[in-house]
Amino acid sequence: MTEPDLADIWVYLSASPLLGLTMTLVAYLLAFRLYQRSGGSPMLNPVLVAVAMIILVLLVTGIPYRDYFDGAQFVHFLLGPATVALAVPLFQQLSRLRQLWLPVAIAIVSGVVFAAGSSIALAWLLGASTETQLSLAPKSATAPVAMGISETIGGLPSLTAVLVVVTGIVGAVLGTRLFQVCRIRDDSVRGIAMGVAAHGIGTARAFQVNNTMGAFSGLAMALSAFATALIVPWLVDLIGL
Amino acid sequence: MMFLNGITWLLVFQLAGEVAVRLLDWPVPGPVLGMLMLFIVLLVARQVPASLDTASTGLLAHLSLLFVPAGVGIMVHADRLLAEWLPIVAVLLVTTLLTMLFTAGVMLLASRWLAPGYQREGQSHD
Numbered sequence: 001m002t003e004p005d006l007a008d009i010w011v012y013l014s015a016s017p018l019l020g021l022t023m024t025l026v027a028y029l030l031a032f033r034l035y036q037r038s039g040g041s042p043m044l045n046p047v048l049v050a051v052a053m054i055i056l057v058l059l060v061t062g063i064p065y066r067d068y069f070d071g072a073q074f075v076h077f078l079l080g081p082a083t084v085a086l087a088v089p090l091f092q093q094l095s096r097l098r099q100l101w102l103p104v105a106i107a108i109v110s111g112v113v114f115a116a117g118s119s120i121a122l123a124w125l126l127g128a129s130t131e132t133q134l135s136l137a138p139k140s141a142t143a144p145v146a147m148g149i150s151e152t153i154g155g156l157p158s159l160t161a162v163l164v165v166v167t168g169i170v171g172a173v174l175g176t177r178l179f180q181v182c183r184i185r186d187d188s189v190r191g192i193a194m195g196v197a198a199h200g201i202g203t204a205r206a207f208q209v210n211n212t213m214g215a216f217s218g219l220a221m222a223l224s225a226f227a228t229a230l231i232v233p234w235l236v237d238l239i240g241l
Numbered sequence: 242m243m244f245l246n247g248i249t250w251l252l253v254f255q256l257a258g259e260v261a262v263r264l265l266d267w268p269v270p271g272p273v274l275g276m277l278m279l280f281i282v283l284l285v286a287r288q289v290p291a292s293l294d295t296a297s298t299g300l301l302a303h304l305s306l307l308f309v310p311a312g313v314g315i316m317v318h319a320d321r322l323l324a325e326w327l328p329i330v331a332v333l334l335v336t337t338l339l340t341m342l343f344t345a346g347v348m349l350l351a352s353r354w355l356a357p358g359y360q361r362e363g364q365s366h367d
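As you go down the protein sequences, you meet chains A and B in turn.
When the letters of the first sequence are read in order and numbered with my numbering, they come out as residues 1 to 241.
When the letters of the second sequence are read in order and numbered with my numbering, they come out as residues 242 to 367.
Pulled out of the complex, with its shape left as it was, chain A reads as follows:
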């Protein structure tokens, strides 16, 4: 029997999808526990902390992102079924939606146009390349939707994925404070605004505030995903990018 060689084990691990997948789950669970321990401090957003931990490990060990993603893609893949699953809370909120459908529809359509329009305008004003402008345009929609739109309009889907995640973190970390400062107290209003601007990561935050805000945020995320898919390609065409 020869001694098990650590280098051999490392060669196996760094080439196997097992490592990337396990790393993703462990990092997220650690980040989530840290978040709970802190009493739900928005600055310790679990996505932000988990991403930072994984990047640190990858940089230290020299594992390329592509090898990491070979394992992490199993988690990433679930974004598709999760998008379909949004139909369930949407259906369960139907009675609320019946009373408010017209204001909700107006708020979502104008919010989606504002999100894409202001992103393209500010990026252009500050001298971003056309590719970056197009990758930023769908940033408020949930990841699988935004990536699909980015591809359709000529952006970079993988860059859009990153921008979507950061957008969600910005909304989740600063959103509730913003509502406090501006004295927006109505949960239906706060939820709709959170869901339109900061998709799933914002919705996860909204559910921590209370169930009503979470339900409206989930509703807004689902409807604005649909609205973004219909409106943004047309908007980009109109602007002539």
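Careful: at least some of the hints might be erroneous.
Stated by the list, open to error - Negatives, chain A to chain B, calculated, CB over 10 Å:
{"id": "1", "residue": "18"}
{"id": "2", "residue": "42"}
{"id": "3", "residue": "156"}
Stated by the list, open to error - Footprint (simulated), chain B over chain A, 3 or more residues, beta carbon under 8 Å:
{"id": "4", "segment": "5 to 15"}
{"id": "5", "segment": "107 to 119"}
{"id": "6", "segment": "167 to 180"}
{"id": "7", "segment": "187 to 200"}
I should point out that these hints are in silico values taken from the structure, not numbers from a laboratory.
Using N, Cα and C, we set each Cβ at its ideal position, and we do this for glycine too.
Fit chain B to the given chain A structure using the hints.
Coordinates of chain B only, in the frame set by chain A:
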């Protein structure tokens, strides 16, 4: 079995959405069309089967986890992010918060005009 049944339904609707989008050459992503199809089926069925409820609640409860692999992708775009950091940071911070305020403003005005009888739910009633 519950979770397995539910997740299978979600995958079937996603698959149907992906196929339909390609057949019809629509600019809408497949999962979004799948969501709409499932929503319509739920409207007709008038109730959510327990298995579907279990699977969707499970998936959506950990929605943030699903964004982690894409977030780590920031590594790959380090060069572009460094080169264009000013517009990117400004857009992400400014337009996200402005979008929130704008949407909240429109929602406040529209619900005051169009649904004045709606019973407001404040923080105290969750």
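Structure-based check of each hint:
{"no.": "1", "hint": "18", "result": "holds (15 Å)"}
{"no.": "2", "hint": "42", "result": "holds (12 Å)"}
{"no.": "3", "hint": "156", "result": "violated (8 Å)"}
{"no.": "4", "hint": "5 to 15", "result": "violated (count 0)"}
{"no.": "5", "hint": "107 to 119", "result": "holds (count 8)"}
{"no.": "6", "hint": "167 to 180", "result": "holds (count 8)"}
{"no.": "7", "hint": "187 to 200", "result": "holds (count 11)"}
Against the hints set out earlier in the document, violations occur for numbers 3 and 4.
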